[in-house]
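A.B. asks: The residues making up each chain are set out below.
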Amino acid sequence: MPELLNPGVIFTLGAFVTLFLAAGLRRYFMLAVIAFSATVTWQMDLGNYGNLQLFGETLTVTRYDVLSRLFVVVFHIAAALNVIYGWHIKDRVENFSALAYPGAAMGGVLAGDWLTLFVWWEMAAITSVFLVLGPRSRSTYMAAMRYLAIQIASGVLLLAGIVLVYRESGSLMFEALALRNEAGDLNFGPLLVFIAFGIKSAFPLLHNWVQDSYPKASITGTIMLSVFTTKLAVYALARGFAGTGELIWLGAFMTLFPIFFALIENDLKKVLCYSINNQVGFMVVGIGVGTATAVNGAVGYAFGNIIFESLLFMSLGAAIYRTGTSKATELGGIYRTMPLTMTLCVVGALSISAFPGTLGFVTKGLIIDGVAEEHLMLIWLILLFASAGVLEHAGIKIPFFTFFAHDSGKRPKEAPPQMLIAMGIGAVLCIGIGLYPDPLYALLPYQDQIAGYHPYTSYHLIEQFQLLLFAVLAFVVLQKTGWYPAEVPSVNLDFDWLYRVPGRAFLGWVITSVAAIWHLVWDNLVRFMEAVARGLHHTHGPEGALSRTWPIGFMALFTAIVLGIMLIVTFLI
Amino acid sequence: MIHFPGLEHLPALPVIIPLIAAPFTIVMRPGRTPWLWATLVSWVTFACTLLLLEVVWHGGPTEYKMGGWAAPLGITYYIDLANALVMMLVAAMAAVVFPYAYFSVKSEIARAQSPAFYTAMIICLTGLLGVAATGDAFNVFVFLEISSLSTYALVAMGARRDRRALTAAFNYLVMGTIGATFYVIGLGLLYQATGTLNMLDLHERLAGQDNKVVEAGFAFIVTGIGLKLAMVPLHLWLPNAYGFAPSAVTAFLAATATKVQIYLMVRFIYTVFGFEFPFLEVALNAFLILGIVGMFYASFVAVFRDNVKQMLAYSSVAQIGYMLLGISFGTVDGLTASFVHIFNHALIKAALFMGVGCVVLRIGSSQLTAFRGLARRMPWTTWALVLSGLSLIGVPPTVGFISKFKLMEAAFQTTTLIPPLLVVLLIGASSLLAAVYVGRLIYTMVLEQPPENAPAIKEAPHAMRVALWIMVIANIYFFFFTDLTVGVATQAAEALMCSQAGCGGAY
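Chains A and B are the protein sequences, given in the same order.
According to the working numbering, the first sequence holds residues 32 to 604 in order.
According to the working numbering, the second sequence holds residues 60 to 566 in order.
There's no promise every hint is true.
Stated by the list, open to error - Short, incomplete list of chain B residues facing chain A, as computed with Cβ under 10 angstroms: (1) VAL360; (2) THR390; (3) TRP439; (4) VAL454.
As the list claims (entries may be wrong) - Covered by chain B, per the in silico footprint, the following chain A stretches (three or more residues, Cβ under 8 angstroms): (5) 192 to 206; (6) 293 to 304; (7) 497 to 510.
To be verified - Selected chain A positions facing chain B (Cβ under 7 angstroms, derived; list incomplete): (8) LEU409; (9) LEU567; (10) HIS571; (11) GLY572; (12) VAL593; (13) LEU594; (14) LEU598; (15) THR601.
Source of the hints: derived by calculation from the structure; they are not laboratory data.
The beta carbon of each residue, even a glycine, is placed where N, CA and C say it ideally should be.
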């Protein structure tokens, strides 16, 4: 049994124990489980453990190597921060998910073979759906069902892909796959796996479930969701498809399109959800480039992103917790009474914008350098532009509209201590690792490359400051001249105002047309699905022709028909 | 192994023991005695079938001549791994459901009827085991009627709770009789062509005979058995029969009756006819299409059903589709997948229907509304239902996953009318439908609030809960230890496929 004991299993077992504990006791127990799991991980040497024999195949439950180690470490940190942040949460289901869901993600990260990966992949889907269901209203129920359907579809695709890959290679080991064969044609099995990973990492056009479901969860639920599912997918991509050229373009596109949506979005929770897409895009580009520096950057950025994205979500969550709203139009001016939360939020914002001296700076630079080393000029420019975009929507929009902007008149209390502690730890990590990145660099998979890397060179600093200053300048100018998309309750563009500013006009056109096309496709899809469901209910529902109780004569008639057909066919052949 | 006296009669014992035990049951005092007796009988029978499986597994197929009369004149029992597995499965289900039945039967059936009820149950068990055991095609018909007649009576006993059980039983009676008649007509035609009723002998004498008589016989037999195993569109009797029968009866029948018929179909296709007939291709293609149609059509109906018992009954029709699909591939892997699913689905459906039985006992209804907030009111039952529901979808670590995995694996290497990849995707898609209707049930039980002013209720009695959880644990156990299911099924399938290739006898 100790062979099988890895963090994923420990968390999952712990989650089931919490179901039987009294509400007051649960949170202490959860921290204890995380601590215990961290100790077990600490004492584990790199290598493969827990070989299981299952219908003639050897499964490797735990593969603890340089790549999985980093994710396991950061998932522990994130799980612990969540438990501290949600110290007041007494909901049994949410407590259960707070252990089971990170456990499933870690199990997936540690999986050494496809089958184990599949099991945890589905576990992650099932355990996280309870978070979306959290508030238990009609709309969350529908969102949760959509979420579950998409996640399960990803699992089904993964399984189909696994079976194909297994048929071809005869091995169940979870190793790198080739998306194309030598002739450049797509391999079907790996393609299915690729799409399955793509759904979970929210590739463009497969991304909608993020904005659909994440904001519907409770505050703590959203924070948890933002960490694990997409990062598990990032890990799986890094393991299975590093160096796959298609990923570069997909990732570059992922970094771009959420920016536009995020700029005009009024619900700040949704803004952060778009930022998840954008952030994962950076990692996907790094994985696609596939060189040692770029992959270092991708997984390092995953580490950093988990910390500062959570920090942003947590500070926004604290504001929501105190004011009860996440709308930019209804927030604002609350820095007066929540100064600590505001400060911590700004740290997160600086970090996500890759301000020198923060966690974002020391990790994002690796990806951009990796792209530059391969001389991918266009991608490099897109990433720079997207970085500026991150600053606009996540770095400035979130703290500005939450805490400053127009005075909403709200005077909430400062965030409760447990939230401040969790955010404080996050902020300390952001700045601490930002100033002294060596411990993080020591965890990266390619040590040779990272040895000679110094984030604080004059080139990096100048590049970054130029970028940041111009982006800030742009924001200030837009804000002062009133051209920044105002916080309005709906997506509403003033065309008269766009005519006067040609550059913004183009932007506006892109936004509206993309949104219109998307709405057209989505609405028609929804209408189509509704029509299908109605049709099915008409025929298959309780009163439908296909399911009502038929008179016995009809039953006999069917039998006669079947017999007739059988006779005719056998006679004719 | 220790040599017991009388062990040479082992192949016949699982049939003989309940057959002799049944008449005693009817004269017992109503109440607890018939139940204790039936339980004892089922356990002894189960032990015999286990022993038989062990013998066949290690010693190869065995033959038993009734009364010492040699085949083809006398009736012989041939037991190979395929029927040993099915017999073990049927007896195991009886051994779990019979102990479970007491409280459920006490509340659903008049006390005075209880000896008759248990008698019918034991007779039904006899019939099912007999169909699986015998190597004589006409003897199959006799046991088929024994099990069917008792089943009609058992379904009708649900009338105390819901009068519609009477029409359901009557419809089942008419349809079942048509099926049996078709079977016997087909058999008559084959007898006319060959002059024998022994399965092995039939196989030998049918070789090379490709005429209208044999073809008609084949069509009648396939339709007859198809009706009995509820192949779409001949399934119409099943949902009502399962829906209105007493809970214990539903649990037992859903786990065994159609499974034995599937076995019988396999036996006829692979052993009696073998592969040299062109019309077999027709039957396999029909299974492929009807299997897929059934998988989807019945799942869609299940999605919209508000009565959980009927929902699960329709789900059974869909699951039969999977088994037919496995047979239709005509490969060792496909047949293995079918046998594995026969076994696994029996575990799944027995657990689910037993769970529903617990709810019917305590709340008195199997409507979906009765399940609202059940997690608070009957946690043990709820979580048993949740786990076995996940098994029905095919979520690891449950047996449902093994079934789906084996079936998909088999589908990949076939050459059928439909491209293999499409078949695999269809299997995946219909699993999603299972996820929808099971998800509906789980959501109602776990996440909805119990109705206002709902009276406090106790959990189901210990006997029921223990039996239920044995099934649930079996659902998980056989995920990790697949020697019995996949191992035996593979060998059984190899032996069956071998028979038509002519490598040393049909068994």
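A.B. asks: State for each hint whether it applies.
C.D. replies: These are the hints, each one checked on the structure:
Hint on VAL360 (chain B) holds. Least Cβ distance to chain A is approximately 4 angstroms, under the 10 angstroms limit. Because the smallest distance between the Cβ of THR390 (chain B) and any Cβ of chain A comes to about 14 angstroms, over 10 angstroms, the interface hint for this residue is violated. About 13 angstroms separates the beta-carbon of TRP439 (chain B) from the nearest beta-carbon of chain A, more than 10 angstroms, and the hint is not met. At a threshold of 10 angstroms, the smallest CB-CB gap from VAL454 (chain B) to chain A is about 6 angstroms, leaving the interface hint in force.
Check on the stretch 192 to 206 of chain A: 3 of its residues sit with their Cβ under 8 angstroms from a Cβ of chain B, so the three-residue criterion for coverage holds. Coverage of the stretch 293 to 304 of chain A by chain B is violated in this model, with 0 residues showing a Cβ closer than 8 angstroms to a Cβ of that chain against a need of three. Coverage of the stretch 497 to 510 of chain A by chain B is violated. Counting CB-CB distances below 8 angstroms, 0 residues qualify, and the rule asks for three or more. Hint status for LEU409 (chain A) relative to chain B: violated, with the closest Cβ pair at about 37 angstroms, above 7 angstroms.
Given hint, LEU567 (chain A) at the interface with chain B, holds; its Cβ is 5 angstroms from that chain's nearest Cβ, closer than 7 angstroms. Taking 7 angstroms as the C-beta cut-off, the interface hint given for HIS571 (chain A) holds, the closest approach to chain B being about 4 angstroms. A least Cβ separation of about 4 angstroms between GLY572 (chain A) and chain B falls short of the 7 angstroms threshold, and the interface hint therefore holds. The beta carbon of VAL593 (chain A) is positioned within 7 angstroms of a beta carbon in chain B (closest approach about 5 angstroms), and the interface hint is therefore held.
Against a cut-off of 7 angstroms between C-beta atoms, the interface hint on LEU594 (chain A) holds, since the closest Cβ of chain B lies about 4 angstroms away. Using the Cβ-Cβ criterion of 7 angstroms, the hint placing LEU598 (chain A) at the interface with chain B is satisfied: the shortest such distance is roughly 5 angstroms. A cut of 7 angstroms between beta carbons decides the hint on THR601 (chain A): the least distance to chain B is about 4 angstroms, and the hint holds.
When each numbered hint is compared with the structure, violations occur for hints 2, 3, 6, 7, 8.
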